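Visitor: Given next are the chains, with one letter for each unit.
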Amino acid sequence: MEPIIEFKNYSFKYNSQVEPTLRDIDLSVYPGEKILIIGPSGSGKSTLANCINGLVPFSYAGESTGELYIGGKEPKDLGIFGLSKMVGTVLQDTDGQFIGLTVAEDIAFVLENDCMEEEKMHRRVDAIADMVDVKNLLHHAPGALSGGQKQRVSMAGVMIDDVDILLFDEPLANLDPATGKRAIALIDSIQKEQNKTILIIEHRLEDALYKDVDRIVVVGDGRIVADMTPDQLLSCDILMKEGIREPLYVTALKHAGCTISEKDRPAHVETMDFSAYKGQVQEWFASAQTPAKGKNSQVALAVEHLDFSYDAKHPILQDIDFSVNKGEMISIVGKNGAGKTTLSSLICGFLQPDKGRILLDGQDIAPLSIKERGEKIGIVMQNPNQMISKAMIYDEVALGLAVRGVSEDEIKERVYETLKICGLYPFRNWPISALSFGQKKRVTIASILVMNPQIMILDEPTAGQDYRHYTEIMEFLKRVNEEFGTTIIMITHDMHLMLEYTDRAIVIADGQMIADDTPANILTNGQIADRAYLKQTSLYEMAEKCGIPSPSAFVECFINYERTVR
Amino acid sequence: MAKLFSYEEKGTWMEDLCGVTKLIFFLAWTITCMLTYDTRVLAIMLATSLILFKLSKTSWEQVGSVFKVILVFMIINILAIFIFAPGQGTKIYGTEHILYSLGGRWVVTQEQLFYELNVVLKYFTIVPAVFMFIITTNPSELAASLNKLGVSYNIGYAMAIALRYIPDVQDDFHKIKNAQEARGIEMSGKAKLMDRIKNVSAIIFPLIFTSMDRIDTVSNAMELRGYGKNKKRTWYMGRKLAKADYAVMIVTLVVMVIALVVTYHDGSRFYNPFI
Chain E
1 MEPIIEFKNY SFKYNSQVEP TLRDIDLSVY PGEKILIIGP SGSGKSTLAN CINGLVPFSY
61 AGESTGELYI GGKEPKDLGI FGLSKMVGTV LQDTDGQFIG LTVAEDIAFV LENDCMEEEK
121 MHRRVDAIAD MVDVKNLLHH APGALSGGQK QRVSMAGVMI DDVDILLFDE PLANLDPATG
181 KRAIALIDSI QKEQNKTILI IEHRLEDALY KDVDRIVVVG DGRIVADMTP DQLLSCDILM
241 KEGIREPLYV TALKHAGCTI SEKDRPAHVE TMDFSAYKGQ VQEWFASAQT PAKGKNSQVA
301 LAVEHLDFSY DAKHPILQDI DFSVNKGEMI SIVGKNGAGK TTLSSLICGF LQPDKGRILL
361 DGQDIAPLSI KERGEKIGIV MQNPNQMISK AMIYDEVALG LAVRGVSEDE IKERVYETLK
421 ICGLYPFRNW PISALSFGQK KRVTIASILV MNPQIMILDE PTAGQDYRHY TEIMEFLKRV
481 NEEFGTTIIM ITHDMHLMLE YTDRAIVIAD GQMIADDTPA NILTNGQIAD RAYLKQTSLY
541 EMAEKCGIPS PSAFVECFIN YERTVR
Chain S
1 MAKLFSYEEK GTWMEDLCGV TKLIFFLAWT ITCMLTYDTR VLAIMLATSL ILFKLSKTSW
61 EQVGSVFKVI LVFMIINILA IFIFAPGQGT KIYGTEHILY SLGGRWVVTQ EQLFYELNVV
121 LKYFTIVPAV FMFIITTNPS ELAASLNKLG VSYNIGYAMA IALRYIPDVQ DDFHKIKNAQ
181 EARGIEMSGK AKLMDRIKNV SAIIFPLIFT SMDRIDTVSN AMELRGYGKN KKRTWYMGRK
241 LAKADYAVMI VTLVVMVIAL VVTYHDGSRF YNPFI
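Note that the protein sequences, when read in sequence, are chains E and S. In terms of UniProt numbering, the first sequence opens at residue 1 and continues consecutively. In terms of UniProt numbering, the second sequence opens at residue 1 and continues consecutively.
Since the hints were made in silico from the structure, they are not lab data. If you're wondering where the values come from, they're calculated on a predicted model, not measured in any experiment. Every residue, glycine too, gets a C-beta built ideally from N, C-alpha and C. What you were told as hints is all true, and nothing was included just to trick you.
If you want a taste of the chain E side facing chain S, the calculated C-beta under 10 Å gives, among others:
id, residue
1, L55
2, K85
3, V87
4, Q92
5, Q97
6, I99
7, V125
8, S154
9, S369
10, I377
11, I379
12, V380
13, I388
14, A391
The following block holds chain S by itself, in its conformation from the complex (with noise of 0.2 Å):
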């Protein structure tokens, strides 16, 4: 069964880089995304992201509902843009083309659907970058590559253990939720929305404490098993970075020198189609 938004293995090449590897590129890759309105080079990232995302294998089960949420922000982004800032897109583009009123400063222009164009390009771009992130690397291995980049343990192992537990917190929460129910809790659409609300203490509390319970447990064991005794440790699943990522590691600084350079050799970071 596809748990929601951890990592499984699924033998692609890209769960065989190194999880530094992963984490370059992931930040080349969003920042890129962020600096540039480009419309050429976010349509190629796009094109990119999506044939990366199809190579990873990634079911949409995994994903499915973190991106409907992510969706929903997306719409209410965009809305607001228009709300608040109406003519943004004139401001950037110079020009107006209006196509239609819809009375005060509200205007639709060309120019403005062009601008919030490029802010759901700039989404569609980034999301599924994310969502393979997370998906391809395994936690402990990130953890061990975060280690040798000089990023202290304990961070690297609370990071892991972290993901260690959700699906143990999941199995948890579908218990508690079912055991509630069955004694007249309602949890579904049919309780109004402040009933819903003060039910779901009847979940969050029980949840907490049997949290608390695996924490005590877990940190017991990991004291007796020798955790923190020195100030290094080394990684069963520690990898060393093979040739395949530096071979990422420099196409990705290539092509987001490449981007960055497409995107401001005309001095502003907009693609502009009106003049």
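So that you can see chain E by itself, here it is in the shape it has in the complex (with noise of 0.2 Å):
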């Protein structure tokens, strides 16, 4: 058979840098293929993928040198346009690429661009619609849809062309764990039913393995450093040297010191077998020891009762009623769109309650304005863009205390100080245009901390972060906890972050409150994971097929051995 990708000692360079991102790329693809492309950012595995549907070198000019064929053909005799014949791309931000004012003619925009009747494309895309389901939301805006629809709605509309080659790029970013498992089970239905080449390119593994792939292609460095079957990935090292994180799973028999073979398929926690190794499990378990926590009861922030709404029939939060302790560090999870913002913002004052208070320290805030509100809790918000003000590092971060008046002297030392905190001291005369999307969120958080909050609030302080730059920031924010006693919430609705950082999580499912306890007993309870949209965690089902008694005991004392490691 024909491969339909194939790259043959293929390099790329973009005009703007100095190094290639792309090097010595062999590569071949083959027709109703599933492959996952993993790698860290900045690996070039978005340059691989733009390769394929021609942004490189349509849209990002560059050089290239060796040979690169798609259906057989070059892509430079094909255009932007014929690749788009045959490349269909779901691009990682959902609500970015919605072109069309309702979902029906975002669905059908290529159909537009191809000329095609009315009539026809009308029964076109009613057909479509009917099989990603979203037939009933067609007249609706892209913008108003949730995230999994969202998702639906994108796929729809490069599907239409009846493409031969689906490219995902990033599809499960901004989706909470359950629409996540649906989307990768909705990519592996049409790729078994059409038979299409499917190529996903994630950085979370675990994730996108619920469904079967057929090989795994890691890119670090602009290179191809494996290109194996899941099995043989997840029973060698690579994973780890290239900072991509394993499956916790995996991560969890390594630590009790197991050596992993590819024969027990490890690929799924569901199918694999744990037969050889627990024994070993269930003695590391054993030996493990979990510590006392010392625990400050002052309680920092109180939400009493609180109801919100923006018109009396859709309530959109219901009697949420929790407190956070001085000094710790909480996470806020749900589903997307479960409310988790629109608390931070009643918070923070940007919206007011229709009944219930919020106390901090003792104390009523609602007679406080957002200002006042914002020198003692800070917001940093998720798209550090949206905060980004200044053309300098330094200026940016000293803004806060630039418009509270405080004296330059003290200005300049405090903002030191913050940057060094951050790690960007070096850069503190840099413009911030230079900074990567990382960096970029560290200075928002710098802009935040330096003027000293009791509390701080970060909404999804991780989306669309790999594993190094996930624990760099997630390190940062601990030291910070620890260092300073700063009460930190986090919105997210990654699980990870929840287990690994967060002593108490309070769990919102369609506007109610429906858990405030640790991570690990809410990770291993299915009924409170399925309605908050979480997933349980693969610890869950592992710890079970190694005969341990406590699921949540056994999670517990992974979080505690992964923190003395790290």
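If you follow the hints, you should be able to join the two separate chains into one complex; please do so.
Guide: In structure tokens form, the structure reads like this:
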């Protein structure tokens, strides 16, 4: 069989860069294959994808050497439009890629550009909408849909063209765990029913492996460092070396000192054979110690019976009631659109509650303005571009102090100190535009931290970050929490984050608080995980298969171990 | 939640009309209104305009704040007319009925008041038509109709996509404003005017950067899905002109002709009640 995509000794360098982004790529993909491409940020995996869909070199110019064939032809002969007939791309930012005002128009966009007659177009749109189950949404605005629905609409928009290759650029990045699982299942069924060639770019390996893939291609520093089956990959140590997070059960097995063998099929926790490891895992669990935690019982923030709605018929939040102790690091979790961000907006005073109180150090903060609350409660938004308003790092971090009339000497001192903590001191005179996304994120955290808030709220602090940057940001937050005693509240749907870095999680589902417990207990409780669109951790399944009586204690043990080795 | 000044589906017969029909109505209506100073014509047009506005089910939240801004401009406009040309009414109508004098050349006359009344009427006649046009026209459908009339689809699409992004940019604006306020940048009336102007940059820059991000993503998405491949394109929202469209166009043109005939039959575009 002829490969549908073939790279031969291919290298590519962007015109704007000195070093090539891709080097000596050799890769063949055959029709009907399903391939997962993983690699840390900046490894070149997105460039690899852009070479296939034609954004490289048609939108991002550069020089290439070696050969590349898509469907047996060279991209330069096909052009970006020729390639778009063969390769359909679902971009990472589902919000940004919607073009049409309604779902139907967005799905029809390709057909419009192909000059298809209206009637035929309407029929095609109906058919494809049926396939991905968005038929009842055709006349909605894409922006008003939930994360999962958005993804299905963008899939419909590329599949309608009857392309042979479907390329998914980080399909899980903006989805809560359960919706992500469904997206992977949908991709899987499309591949099986229509025999498409599927390429998935992801760094969330464990979630992406929810359904089988034929091969995993690991990209590191512009080269392909591995091209093997999931079972092979998980039984060697390439992932660790490349800074990609292994599935949790694999990490746990390694902690227990096991050597994973390919023949036990480690690709899925459900089908893996644990019999060879059972003894070692039990021993490790028995020997592990759970340190007692010193608890500070002084309440920093108390939320009492909070209700909120935009109109009386549709309550957004109902009877939210919890408190956060001084120096705690907690997470607020739940599915996309459950009301997590609304809750933080209420705490910061962007919105006013219909009922209930918010107390800071025992004082009702209802009379305080946004600005006044901002002095005690700092908020870091998900997208750093939404906060950065100065060209230079120093000015950006100094902004909050400058508008409060702090003297220049003091500003300088405090800014420098904060920059040092955030690891940004060497860059203090750099323009912000020269920073990476993760560094920008740190700048926004620094610009809040410099004001010395008692409480910091972070909205999805690690969204879109690979494992290395994720660890960097989280370790940094942990240090802030420990050294300054800053209370940290994180809004997230990243289960690793809540499991590894927070002592307690508040779970919100459909506007109601359904749990306030340790992450280990929440993620081993199927009922809560289901309602909140979380996913039971694979450690739970592993614990059961290894005959450990208390899965949640096992999860605790794993987390503690992780914390000590990190 | 009603978004300010954007298309909203309400299921009125006006929405069922083609974008082109509404564009023609809008242009004819505005031109007629600009040309005529005939108070009788203006009065009838105003009444029609208000009835149509009612039928379009436009809600006050959608247009209220824009209307207030227009109102301010109108007041400035009529005051300016009086300050700079207090004798305009007399010049037009040929008579002078003095009500009282404010000193110098500023004399309030019946003629001047009547003239300025006509100006106000014009405002009130045109403004609802503008609102209706924007609120009841689906931007994609308008782009489609314009393209069918021979306008390049790039222009139509640029317009449609701008409208598509209005709500997103509004959202961004609110998020950024809140975040900056929380950092201590005062945006409300409490700050001094100069400070406020300076502080606006704290919203504008992030807004520009996030919008640039959006542009980058959406232009990639459009290209990947074949936009600009052909000289022509078809439209999912395209609509053929129906009987109702022709009817509305004919009625519009007939009304325009009648209005202009009534206005100009005596050689002047002013209706003169003073002789």
